[in-house]
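One-letter residues, chain by chain:
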Amino acid sequence: MSMHFLSVEGLRKAYPASGAAANPPVFEDIHFGIGKGEFVCIIGHSGCGKTTILNVLAGLEEPSGGAVIMDGREVKGPSLDRGVVFQGHALMPWMSVLGNVAFAVKSKWPDWSRAAVEAHCTKYLGMVGLGHALHKKPAELSGGMKQRVGIARAFAIQPKMLLLDEPFGALDALTRGTIQDELLKIVQATGQTVFMITHDVDEAILLADKVILMSNGPLAKIAEIVDITMPRSRTRTDMHHDPQFYRIRNHLVDFLVHRSKN
Amino acid sequence: MFRKQAFKAALLSLLILALFLGAWSLATYRKDAPATSADAEYAALMGKGRSTGFPTPAKVGEAFVTYLSEPFYDRGPNDKGIGIQVTHSLWRVGLGFALAVAVALPLGFAIGMSPLLFQALDPFIQLLKPISPLAWMPLALYSLKDSDVSGIFVIFICSLWPMLINTAFGVASVRRDWINVARTLEVGPLRKAFQVILPAAAPTILTGMRISMGIAWLVIVAAEMLVGGTGIGYFVWNEWNNLALPNVIFAVVMIGLVGMVLDQLFGRLQKLVTYREQ
Ligand SMILES: Nc1ncnc2c1ncn2[C@@H]1O[C@H](COP(=O)(O)OP(=O)(O)OP(=O)(O)O)[C@@H](O)[C@H]1O
Ligand SMILES: [Mg+2]
Numbered sequence: 001m002s003m004h005f006l007s008v009e010g011l012r013k014a015y016p017a018s019g020a021a022a023n024p025p026v027f028e029d030i031h032f033g034i035g036k037g038e039f040v041c042i043i044g045h046s047g048c049g050k051t052t053i054l055n056v057l058a059g060l061e062e063p064s065g066g067a068v069i070m071d072g073r074e075v076k077g078p079s080l081d082r083g084v085v086f087q088g089h090a091l092m093p094w095m096s097v098l099g100n101v102a103f104a105v106k107s108k109w110p111d112w113s114r115a116a117v118e119a120h121c122t123k124y125l126g127m128v129g130l131g132h133a134l135h136k137k138p139a140e141l142s143g144g145m146k147q148r149v150g151i152a153r154a155f156a157i158q159p160k161m162l163l164l165d166e167p168f169g170a171l172d173a174l175t176r177g178t179i180q181d182e183l184l185k186i187v188q189a190t191g192q193t194v195f196m197i198t199h200d201v202d203e204a205i206l207l208a209d210k211v212i213l214m215s216n217g218p219l220a221k222i223a224e225i226v227d228i229t230m231p232r233s234r235t236r237t238d239m240h241h242d243p244q245f246y247r248i249r250n251h252l253v254d255f256l257v258h259r260s261k262n
Numbered sequence: 001m002f003r004k005q006a007f008k009a010a011l012l013s014l015l016i017l018a019l020f021l022g023a024w025s026l027a028t029y030r031k032d033a034p035a036t037s038a039d040a041e042y043a044a045l046m047g048k049g050r051s052t053g054f055p056t057p058a059k060v061g062e063a064f065v066t067y068l069s070e071p072f073y074d075r076g077p078n079d080k081g082i083g084i085q086v087t088h089s090l091w092r093v094g095l096g097f098a099l100a101v102a103v104a105l106p107l108g109f110a111i112g113m114s115p116l117l118f119q120a121l122d123p124f125i126q127l128l129k130p131i132s133p134l135a136w137m138p139l140a141l142y143s144l145k146d147s148d149v150s151g152i153f154v155i156f157i158c159s160l161w162p163m164l165i166n167t168a169f170g171v172a173s174v175r176r177d178w179i180n181v182a183r184t185l186e187v188g189p190l191r192k193a194f195q196v197i198l199p200a201a202a203p204t205i206l207t208g209m210r211i212s213m214g215i216a217w218l219v220i221v222a223a224e225m226l227v228g229g230t231g232i233g234y235f236v237w238n239e240w241n242n243l244a245l246p247n248v249i250f251a252v253v254m255i256g257l258v259g260m261v262l263d264q265l266f267g268r269l270q271k272l273v274t275y276r277e278q
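The listed protein sequences derive, respectively, from chains A and B. Mapping the first sequence onto UniProt numbering, position 52 (from 1) lands on 52, and the numbers just tick up by one. Mapping the second sequence onto UniProt numbering, position 267 (from 1) lands on 267, and the numbers just tick up by one.
Pulled out of the complex, with its shape left as it was, chain A reads as follows:
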């Protein structure tokens, strides 16, 4: 019914009760759409169900009600069409940086030659500035570097859509800034469709075309969807000179502080 690339219709998730009392649904009645090439951020307080929504979009978890439709087909399970960057990078520590990305690339293109796989991985690791660390193990990397390997792994399989779960959550402000810039560059170059969870209002304004605001759980809902109307060419260093910046920022912060309660 919608013309969106991805549409979420009437999504609801309730976990089975652990004690005597029945669990109320974490969220219900979630509707939104994402157009092709759009960058959408979702913001909400901790525990409102953002990761759960992302897992349902990824096909890792089943909703209790409603459906997710991508590219005209219902999402029924995980797929190489949707690349995921996990909240805690999720690199396999026994593989090198190159090995981790190659594992993903070989899954997507099983009959590529070794040289082709390596060249492809090297290209994507170069894009996130890790060309010099190909043969290191994840334990030898800083937190920011690990997160960048996770991003390269997700990009390298050229998914139709990227799902990012607080990819910069564990990073200090400086590293976070540089990686945001890198992500922005890659996304603008590839026209990738992205759904990203964040806690950081400035990050959302910098990266997103659209910000989804969720009210607090349980029974969380989508409170508002805010269009970021600033020009797409915004950068981290000059976006706050834009006359719209503070209006949008205040609106989002206001929501989180005052209006997020159901």
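Take these hints with a grain of salt, some might be off.
Cut-off 20 Å, straight-line C-alpha distance, at most; resulting in silico cross-link-like pairs (EDC-like, lysine to aspartate or glutamate) [to be verified]:
1. K76/A - E62/A
2. K261/A - D29/A
3. K136/A - E277/B
4. K76/A - E61/A
5. K221/A - E62/A
6. K106/A - E186/B
7. K185/A - D165/A
8. K108/A - D177/B
9. K136/A - E118/A
10. K221/A - E61/A
11. K137/A - E277/B
12. K261/A - E28/A
13. K36/A - E9/A
14. K271/B - E140/A
15. K192/B - D111/A
16. K137/A - E118/A
17. K221/A - D254/A
18. K36/A - D209/A
19. K210/A - D227/A
20. K210/A - D165/A
21. K160/A - E186/B
22. K192/B - E61/A
23. K137/A - D177/B
24. K76/A - E186/B
25. K108/A - E186/B
26. K192/B - D81/A
For the record, the hints were derived by calculation from the structure and aren't laboratory data.
Knowing the structure of chain A, use the given hints to seat chain B with the ligands on it.
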């Protein structure tokens, strides 16, 4: 600084060894007190040399020299070199252990992956695990009708449990994130088993193997004492029947040495598959 400490520790070890040997000499010297070699020979002739008191370090040293200078001689069923005996024991342990690996790894994998199977098999494992492996010996001898095969079976049964339990535990506690990565990449079940779950669980599995090997080496000595024929355990028993205590002490030290080497070997393997998280 670190090297200095290693050097000091080695020196201290030598000192402790010297003290031990000294105390041993002193203790056995007084009891034996064969002042001249003629006396000793006389005592031996009278059949007393062996039974009067505990052997001196020198006597045990002699046993070391005789056995180690010709480890692989074979003069009939009751007189074989130590090398041959140890090889027999290692062969039994190796075979029983390999069989246990062949059962414990796939079964442990299945149990670790399936909570249903885990619950169904848990009571059996809990019941079978605490049974002393030697208690199986009569049943094994009766049904397998061969002492050699029974020995191997006992090794099999005692190495099975630690490996089975550790494999199941290692597989069950592979981080959810890694499984999810494999799922989003649509990785097939075999590739997932060998490239994600196995390496993730390998350190735990190898810990199980190391424990199993340690137990197997403990058990083989007792098993060979029971069934006889060949092996280091039989050697100990045989020498005890001959009342050749220096030889018994020699064999005891050899058992310790071989056990240590086996343990170190598995320690190496363990290091090889261990990964550092974070
Ligand atoms: N497996 C589970 N069983 C029961 N309840 C769960 C389970 N997973 C999540 N929940 C509940 O669902 C709610 C939403 O969890 P979710 O991880 O989606 O939150 P989030 O918005 O991502 O939070 P954060 O910002 O802290 O990451 C929480 O209240 C949590 O307790
Ligand atoms: Mg979360």
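### Task
Any hints from earlier that this structure breaks? Give me their numbers in increasing order, please.
As far as the earlier hints go, not one is violated by this structure.
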